[in-house]
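If you count by UniProt numbering, then the sequence shown holds residues 1 to 290, one letter each, in order.
Hints should not be assumed to be uniformly reliable.
[Said to hold, decoys possible] Below, a list of computed lysine-lysine pairs in the DSBU-like style, where the Cα atoms sit at most 30 angstroms apart:
| # | residue 1 | residue 2 |
| --- | --- | --- |
| 1 | 216 | 104 |
| 2 | 158 | 142 |
| 3 | 203 | 216 |
| 4 | 106 | 174 |
| 5 | 203 | 105 |
| 6 | 106 | 269 |
| 7 | 269 | 142 |
| 8 | 106 | 142 |
| 9 | 269 | 158 |
| 10 | 174 | 158 |
| 11 | 216 | 106 |
| 12 | 269 | 174 |
| 13 | 174 | 142 |
| 14 | 106 | 173 |
| 15 | 142 | 105 |
| 16 | 269 | 203 |
| 17 | 105 | 269 |
| 18 | 203 | 106 |
I should point out that these hints are in silico values taken from the structure, not numbers from a laboratory.
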Amino acid sequence: VEKSKVVDAPTFSLGLTQSDDSKASSSRPSRQLKGKIDQTKANEKKQYKKTVHQQNDEGSSDDGEKVKGKKRKEVTEPDQRLRHKMSIPKVYILMQSVNTKKFKKKIVEELNQFGFGGMLHICNWTRIHTFFVDWIVNNFEKDHMWIRLRNTEVLELKQDDVHRVYELPMVGKKINTDLCSDAAINRLRRELGLTENSSPFVKVVELERVLNTTEKATAWVKGAICYIIHNLLCPTNHNDVSLQYAHILVDAATALSHNWCSHILQYMKEGLQSPGVANPLADFHFLMFQ
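Hey, can you work out the whole structure from these sequences and the hints?
Structure follows, in structure tokens:
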């Protein structure tokens, strides 16, 4: 790129000869000339502020960059409804907590038997960029169940995609949420040692305490699967785990008889019917990484 040549500003103004301007140089500038100079300075100052603001925005996008000098103003995060405290990484960490347990092998076997073994292998991600989640939600077309990449290119989502990511059962019966009963919830609560009340929810800290201390592999697996189901199908911004699907955790055969992948896809579609509601697609973005 050819550099622009620096040209000295002329020492005379329009309508004045050089000699006349030399005589007038010692006098006070006219109001008109002063106004132009002030306007030029104002424009330069405005452009400088705009450049600094753009540089700050670009710098804030790098997570590992350390901000030097004055603290830059934080860029507003995308819509907070896209955030989700109960994310898949937390499930992964919880699964890893059984590494030192004597019954780890039994737990892994039962998780695989229930059809949720793939959850043990999800990468330990500690952060998902919210702008990326925002992009996916905004480009997801529920009528066709695909993500529009470009005007002429789409990424269609099918049951196989859910199965490949989560390794969930995808055969047999359609999940009937009407079968969820208070009796099933109470039974699961008793099996997990949570007998203080009959709430259909349980605090995360309570569930973690039970899962980390119980010596019954079956109870641990049921609790873990309940935790997984909550994250996949019942995302929330509260630290409560839903026990809605307790009725299908009676045994492995019951869990395996349902088409979880189809149910999750349908849930994704219904979750976008009202874009203003709290995050309906907490872990939806994981489908993009396979």
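State the violated hints by number, sorted upward, taking the hints as numbered earlier in the document.
6, 8, 15, 17
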